[in-house]
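Enquirer: Sequence:
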Amino acid sequence: MTDAMVLAGRVQDLPEGRGVLLGHDGREVALFNVKGEFRAVDNRCLHEGGPICRGSVVNWTVTCPRHHWHYDLRTGEAIGRPGRRLRCYPVEVQGDQVYVRMPRRGALNGIQELLRGLAHVG
1 MTDAMVLAGR VQDLPEGRGV LLGHDGREVA LFNVKGEFRA VDNRCLHEGG PICRGSVVNW
61 TVTCPRHHWH YDLRTGEAIG RPGRRLRCYP VEVQGDQVYV RMPRRGALNG IQELLRGLAH
121 VG
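Just so we're aligned, residue 1 is where the sequence shown starts under our numbering, counting upward by one.
Heads up, none of these hints are tricks.
Calculated pairs, SDA-like style, for lysine to any residue (alpha carbon to alpha carbon, straight line, at most 25 Å):
1) K35 - R54
2) K35 - V57
3) K35 - D72
4) K35 - V93
5) K35 - M102
6) K35 - V91
7) K35 - P65
8) K35 - L21
9) K35 - I79
10) K35 - H70
11) K35 - L7
12) K35 - E77
13) K35 - Q94
14) K35 - V11
15) K35 - W60
16) K35 - T63
17) K35 - E92
18) K35 - R18
19) K35 - R87
20) K35 - R74
21) K35 - L14
22) K35 - G76
23) K35 - D96
24) K35 - R10
25) K35 - A78
26) K35 - V58
27) K35 - M5
28) K35 - R101
29) K35 - C53
30) K35 - G23
31) K35 - G9
32) K35 - N59
The calculated label-pair distances, taken between Cβ atoms and stated as ranges, are:
33) L21 - H70: 18 to 26 Å
34) V93 - H67: 28 to 36 Å
35) G36 - R105: 30 to 38 Å
36) G95 - L21: 20 to 28 Å
37) G80 - L7: 29 to 37 Å
38) R54 - P82: 21 to 29 Å
Just so you know, these hints were derived from the structure itself, not from any lab.
The beta-carbon is built from N, C-alpha and C at its ideal position, and this holds for glycine as well.
Turn these sequences into a full structure, and let the hints steer you where they fit.
Expert: The following block contains the structure:
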């Protein structure tokens, strides 16, 4: 199964320091412009599912607006919470267009996501 290249928009329409919500195939991804570089992570906070795309950004750190969990946008790591991280997605700029590479949903992807979730239980 191949990944999908999802058009996020034009570089000039994606403001620095603010998140943009992308949806594709039942998945939500938050895209950020940090100092002219783009990063994409799962949109739901690992704590209680807060919308990461609405979080505040300082340098490479986004803060969940609900309960203030902090994430490094370069790695998806939950700062101060070892082993907890948001999934990161590759971002490509082609001309003035920004694309996010997102896996298509399928049986294998669903099983992999379930196993990732179970790894955090306990």
